[in-house]
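Engineer: The lines below spell out each chain.
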Amino acid sequence: MKRTLATLLLATLAVLCAAGSAAAAGSLLIKNGTILTVTRGTIARGDILVINGIIARIGKNIAAPPGVPVIDAAGRYVLPGLIDSHTHIALAGTNEGSEAITPEADVGAVINADDTALFTALTGGVTMAHTMHGSANPIGGPNVVLKMKWGRPSEELVVSEAWRTLKFALGENVKQSSRTIVAGGPPPRYPQTRMGTNAILRREFLRAQNYMAEWDRYEKLKGSKNPPKTLLPPRRDLRLEVLADLLKGKMVARCHDYQATEALEFMGLAKEFGFKIAALEHAWEAYKIADELAAAKIGISVFADSWAYKMEAAEGIAYDAGYCSKKGVLVSINSDSNERIRRLFNDAAKTMKYGGLSEDEALRLVTINPALQLGVDKIVGSLEVGKQADIAIFNEHPMSAYTRCDMTIIDGDVYFDRAGIIAAREEAAKKGGRP
Amino acid sequence: MPTRNRFALWSVLGALCVLPAAAASDVGPTYAIRNVRIVPVTGPVIEKGTLIIRDGLIESLGAVDKTAVPEDAEIIEAEGLTAYPGLISGHTNLLLEDPAAGMGQRGAAGTPTLPAVAAQRGAGTAGETAAGTPELMLLTQLRPAKSTMDGFLKAGFTTVLIAPNRGIIQGQSAVVNLNGLETGPMVLLTPAALHVNFTTNRGGYPSSLMGTIAYIRQSFLDADHYANAKAVYGKNLKGMKRPVHDPFLEALIPYVRDKKPVIFQCNNAEDIKRALKIIEEFKLSGILSQANEAWRAEAALKASRAKLLVTLDFRPPNGSFYTSQGEDLRKKAEAEIYPSNPAALAKAGIAFSLTTFGLTDAAAALRNVRTAIKLGLPEDVALRALTLVPAQTLGLDRQVGSLEPGKIANVILTKGALFDEKTQVERVFVDGVLWKF
Amino acid sequence: MNRRARMLLPVILLAAAAAATGFAAPQKTIVIANARIVPVVGPDLASGTIVIKDGKIADIGAGISVPPGADIVDGKGLTAFPGMIDGYSFLGLQEITGVNATVDNRETGRINPQVWAIEALRYDSMHIPIARSNGITAAIVAPTGGLISGRSVLIKLDGWTNREMVVKNPAALQIEFPDIRGGRGGGSGFGQRGGGAAAQDATRLIAELKDLFASARAYEKRKLYAQKNLSVALPDFDETSEFLLPVLKGEVAIMILVHADRDIQAAIKFVKDEGLKAVFYGAEQGWKVAADLKDSGIPVIISQLYAAPPVWDDGYDQLFMNAVRLARAGVKIAFSSGSATAAKDLPYHAAKAAAFGLDRREALKAVTISPAEIFGVAGEMGSLEKGKAANIVLADGDLLEQRTNVKAVFIDGKPCDMSNKYTELLDKFKKR
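Going down the list, the sequences are from chains A, B and C. Number 250 in the working numbering belongs to position 250 of the first sequence; there are no gaps in the numbering. Number 228 in the working numbering belongs to position 228 of the second sequence; there are no gaps in the numbering. Number 406 in the working numbering belongs to position 406 of the third sequence; there are no gaps in the numbering.
Excised from the complex, chain A in its bound form (with noise of 0.2 Å):
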């Protein structure tokens, strides 16, 4: 008995003093404020205790630990960390444009942390985007999720937990519709049309069933009882190898789509060679197929209203991402700019005119909905106890049009405080008289 008293005090002391110690990095108790948690409904005057980066409460009333700083929340509405589910934000090049199929292309291998775009997504309460190859390619290859912690190094904004995603694109600018043909010069880059798009994916699709053929027999006659003296292996070939990790179901798509019939083609593809598209994005004509992609569970990524910008834009009406979010597809609303990802909060609150969603059902669309579509739901999109703490706190409703961020939380370290910046802005225009 008395063993396991002393057992239980020192285990306590033990607890205790490594609360202490790790209190000092990624811990914060941020109080009274509004506490928009998406998933679980709203708390006014509530507070979130951050240990170590994770969400350890939820509620009202919490006493601060010793060590842990406090954010003064009363007036203000705390929300998750918006997620940008399609940018091209933090690296160095998004298009491998001189061929056409060019998946071997990891945009994962060339993240640029010293993008000035980071600073900016965080002033507008982003701290998650998937940064992506740009629209050059049929198939560019595959793409990252970023934790926006500027003034980290590269390896530390780099999401694991998220679906490995390959970067697909349909239309006008994958047929290099605005390029013009100059005679005696090069000659295009097939595919120029959408059938030639399509003509192409699919025989992509098939090399790279042969290519795991070619491995699967080499497999077989390795492990055979005499395997030939000839024997040696395929060569590894990088860009077949992760259209191979995609029709294995490791890897799933992200594809750029316009027209309704280019997106329904493509839905096809993944119907016939297996594959999962977790997202169609820009989908400027979702909305005139909102059931199937409803029924096929295939979300969508779409600007609120930026639109008739080319001809596959000339119909992107206002109400789709609205409309497709009330037929049951999960829609989430992007940036696809390093400035629109400021205001992706104002772009959402659109939604609320432009087909009628709640003020929760908007605020959706760029926190749990992108989490979903990246795989990323159960760490972050929504604020709940042990979910990573990726914070946002404005000093308005998110859904409000007289809103701003104020500040910007990633794993519960403090990334941007408007305050600060202010502070510091004051100090120097005393020493350098500036306004």
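I should point out that these hints are in silico values taken from the structure, not numbers from a laboratory. Each residue gets a CB set at the ideal place from its N, CA and C atoms; glycine is no exception. Keep in mind that a hint or two might mislead.
So the derived label-pair ranges between C-beta atoms look like this [unchecked claim]:
1) ARG110(C) <-> GLY184(A): 44 to 50 Å
2) VAL244(B) <-> LEU247(A): 27 to 33 Å
3) PRO44(B) <-> ILE422(A): 48 to 54 Å
4) ALA120(C) <-> MET311(A): 38 to 44 Å
5) SER160(A) <-> GLY109(C): 45 to 51 Å
6) PRO66(A) <-> THR423(B): 54 to 60 Å
7) ARG217(A) <-> VAL187(B): 55 to 61 Å
8) MET311(A) <-> GLY109(C): 42 to 48 Å
9) THR261(A) <-> ALA101(C): 39 to 45 Å
10) LYS283(B) <-> PRO227(A): 22 to 28 Å
11) ALA231(B) <-> ASP216(A): 39 to 45 Å
12) ARG202(B) <-> MET195(A): 28 to 34 Å
13) ASN100(C) <-> ILE422(A): 41 to 47 Å
14) LYS428(C) <-> ARG315(B): 55 to 61 Å
So these bits of chain A aren't anywhere near chain C, every CB distance computed over 12 Å [as the list claims (entries may be wrong)]:
15) THR193
16) ARG194
17) PRO233
18) ARG235
19) LYS288
20) ARG418
21) ILE421
22) ARG425
23) ALA428
Dumping the calculated DSS-like pairs for lysine-lysine here, alpha-carbon to alpha-carbon at most 30 Å [unchecked claim]:
24) LYS53(C) <-> LYS28(C)
25) LYS436(B) <-> LYS222(A)
26) LYS149(A) <-> LYS259(B)
27) LYS238(B) <-> LYS229(A)
28) LYS271(A) <-> LYS428(C)
On the provided structure of chain A, position chains B and C as indicated by the hints.
Structural biologist: Using the frame of chain A, we list chains B and C on its own:
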């Protein structure tokens, strides 16, 4: 003397006169540099010493009262001067046929590639250089020019690694002593290393950095596969088709299989990490050059065995973290942050060489070393980074990199300590011959 | 049909009738009753009535009598605002921005005072109904490009021909100085200069303009002299001079697109030297010379706020704070969409500035009465006042909020058709 003997003597003398000049200059002169302060690098400083050079090598060195001067030595009084090993720059692109040429131009001695292979390697249309020419030997491109060599030597550099400068897999470099205008006698080591640069093949594949990285990896994979195929074929010779001869892949085999050194040009901290990943994947013997942001990749560098050739060109790279956040930080980057790269590495205990890579004027090298020293680079670390360390990195430390008997007589005599503001390089000996400016 | 729709039925029927008849038919008197009223000039009314007669606001207030025979629009739960006015747009000059055949806002060449936006204005552009149905009732439509882009026009967003839409033509002669911003929504981010103008500054361009003005004056002198003396030959027709003269005579205002602080100061001096009636557009570094701007009396059209902040040292919120600081310094500001495809977002730029400290009522003024004042039409529009044009918006909330639904729009007293490309396509596919 009897007439017959005199005739024989004159015949012999006459014969000697018609012997080809090369024969007469094959044996180098003998020098005794006297009363000079000697900084051997691998031993203690000798305040007043004598250094004996004979036939291209250092014969001996020591305190002036303990070192005999040979009878045949030409005496060079060097009171007030200091003798250092000739400096070594582990990476330069100068002295090439066309150092400013970018992609898409074929050098006169450009290596032809077989059409089928060229297509495989992502070559552009006829007339464009392929993204990769590993089979290109630097020596075929070397164009020694007196003014450039004078520039190096005046700045104290007697030995340089000259590397090809075009494309992604650029070719194989050579290390040369700057002893004259003929290529043959210059050579110290060829090939020295394979050179890879994280650039792109504008107008062709790969046109993006991620494409480049895939291209590099696929090339090494293919070289490995090719070596396998050749080995298996070699064992059998019957019952399988022979692998198609590919000069591109042939050139890569020593680096992928036999672990000869591969030098990656790293334009920023991320390039360092990218290079280290590739080095790890293919278990290469890796060297990182330029490395102007090495201090930002400290952890990765400490965890690897890759060696560093750090440039003395302190210009911030494009899109640097420190030049895109306002004027104050940008000025600090140029004046302090980047020039502190060597000091930061020294503080972190990471070994490195210093090179003239990127500098078109070698005199800037010593200026920049002084800046680095002002910002905290210890002088002895700086000296070793310009002498012994590059020699070791390139596997030449038994021949150059310090003043020791038996080593090649690359010696510089300076008025003033090497890293002083007003220092002049007064005399330079390369391969034991006094250079005439 | 629900109660709300029933109450708005008169509006819908009126709109249909107006649409059907084409030309402005004599209208019945319309009364908006029981609405909250935000006149913008003068105090708000918690509940009031607006009487629309002959295209104008005949009466407005609480407890005023409803004339017999009027069509009643029940504004219960709704707020009446003045229609918004866009200080700078490309409405009617762009359909699909990436398809050159549908873009008419940028003529080739640098000096084009003879180019007039009204003459290319596509009044049935799909973007006009979209903007209108979000409460925008008037807009400046401007040509762009070069040094002198041409003449802009102030239109109302309703009319069966381009000429019918004119409120004021010309609105201004457009002049463009070097830009410092990156692209809208496409974004380069900090430290990017737009349009290849980085090397220039306004001083050279001002010198060039002064030369052109001098030439124009000289031209006019010679023309007048020759007109009086038949023996003297008329000068050769000089198009540029002809169309610059009205500006020099003060008949036509100029709008200078100017951005960097030094350029703004140079522009102020230029305007003063030449005695011109001027408006500035952009002035993104205006906050640095706010006192000069205030003293000059030159108003500023704030450029669309969907732009990346150009200069790191000026702060991530520099474009928003610019509007705030200019307003606080007493500079008259108005907002603009800078677009055709996103013209409907005019109110959200105003709200964005309010998010960063601009008084919300000032923000609303900056999309209503202020642009009206700036373009000299404050006697006709910009606020809900007796005698002004009945440009009225009925909305179910704050007009500057994205979530707000605009229920009805009146222009010159006529109820507008609220359908647009968005609603047409939605309705079509709802029927699947």
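Engineer: Against each hint, give a clear statement of whether it holds in the structure.
Structural biologist: Each hint tested on the structure:
1. Between ARG110(C) and GLY184(A) the beta carbons are some 32 Å apart, a value that contradicts the proposed interval 44 to 50 Å.
2. A beta carbon spacing of about 29 Å between VAL244(B) and LEU247(A) agrees with the range 27 to 33 Å that was offered as a hint.
3. For PRO44(B) paired with ILE422(A), a C-beta distance near 60 Å fails the hint of 48 to 54 Å.
4. Taking 38 to 44 Å as the suggested C-beta distance range, the pair ALA120(C) and MET311(A) does not conform, at roughly 21 Å.
5. Checked against the given bound of 45 to 51 Å, the beta carbons of SER160(A) and GLY109(C), roughly 55 Å apart, lie outside it.
6. Range check, PRO66(A) to THR423(B): about 59 Å between beta-carbon atoms, so the 54 to 60 Å window is met.
7. For ARG217(A) and VAL187(B), the hinted distance range of 55 to 61 Å is not satisfied, since their beta carbons lie about 49 Å from each other.
8. Between MET311(A) and GLY109(C) the C-beta distance comes to about 28 Å, which lies outside the given range of 42 to 48 Å.
9. Checked against the hint of 39 to 45 Å, the pair THR261(A) and ALA101(C) fails, with Cβ atoms roughly 23 Å apart.
10. Between LYS283(B) and PRO227(A) the Cβ separation comes to about 26 Å, which falls inside the hinted range of 22 to 28 Å.
11. Evaluation of the 39 to 45 Å hint for ALA231(B) and ASP216(A) yields a failure: the beta carbon distance comes to about 24 Å.
12. Between ARG202(B) and MET195(A) the CB atoms are about 30 Å apart, so this pair conforms to the stated range of 28 to 34 Å.
13. One distance hint, 41 to 47 Å for the beta-carbon pair ASN100(C) and ILE422(A), holds here, with the actual separation near 44 Å.
14. For LYS428(C) paired with ARG315(B), a C-beta distance near 59 Å keeps the hint of 55 to 61 Å intact.
15. For THR193(A), the non-interface assignment is confirmed: its Cβ lies about 18 Å from the closest Cβ of chain C, beyond the 12 Å cut-off.
16. The claim that ARG194(A) is not at the interface with chain C holds, since no C-beta of that chain comes within 12 Å of its own (minimum 17 Å).
17. The claim that PRO233(A) lies off the interface holds: its Cβ sits roughly 46 Å from the closest Cβ of chain C, which is beyond the 12 Å cut-off.
18. At the 12 Å boundary, the C-beta of ARG235(A) stays outside the reach of chain C, the nearest C-beta of that chain being 41 Å off.
19. Against the 12 Å criterion, LYS288(A) falls within the reach of chain C, whose nearest CB is about 5 Å from its own CB.
20. Against the 12 Å criterion, ARG418(A) falls within the reach of chain C, whose nearest CB is about 8 Å from its own CB.
21. Not every C-beta of chain C lies more than 12 Å from that of ILE421(A), the closest at about 7 Å, which undercuts listing it as non-interface.
22. Listed as outside the interface, ARG425(A) is inconsistent with that label: its C-beta sits roughly 7 Å from the nearest C-beta of chain C, within the 12 Å cut-off.
23. Residue placement check: ALA428(A) does not keep its beta carbon more than 12 Å from all beta carbons of chain C (closest about 10 Å).
24. For the proposed pair LYS53(C) and LYS28(C), the alpha carbon gap of about 7 Å is at most 30 Å, so the pair holds.
25. For the hint linking LYS436(B) to LYS222(A), the alpha-carbon distance of about 66 Å lies beyond 30 Å, and the restraint is violated.
26. Of the supplied pair hints, the one linking LYS149(A) and LYS259(B) is violated, its CA atoms being roughly 38 Å apart against a limit of 30 Å.
27. At roughly 10 Å between alpha-carbon atoms, LYS238(B) and LYS229(A) fall within 30 Å of each other, so this suggested pair holds.
28. Taken as a hint, the LYS271(A) and LYS428(C) pair is honoured in the structure, with Cα atoms around 28 Å apart against an allowance of 30 Å.
Hint compliance for this structure: hints 1, 3, 4, 5, 7, 8, 9, 11, 19, 20, 21, 22, 23, 25, 26 are not met, and every other hint is.
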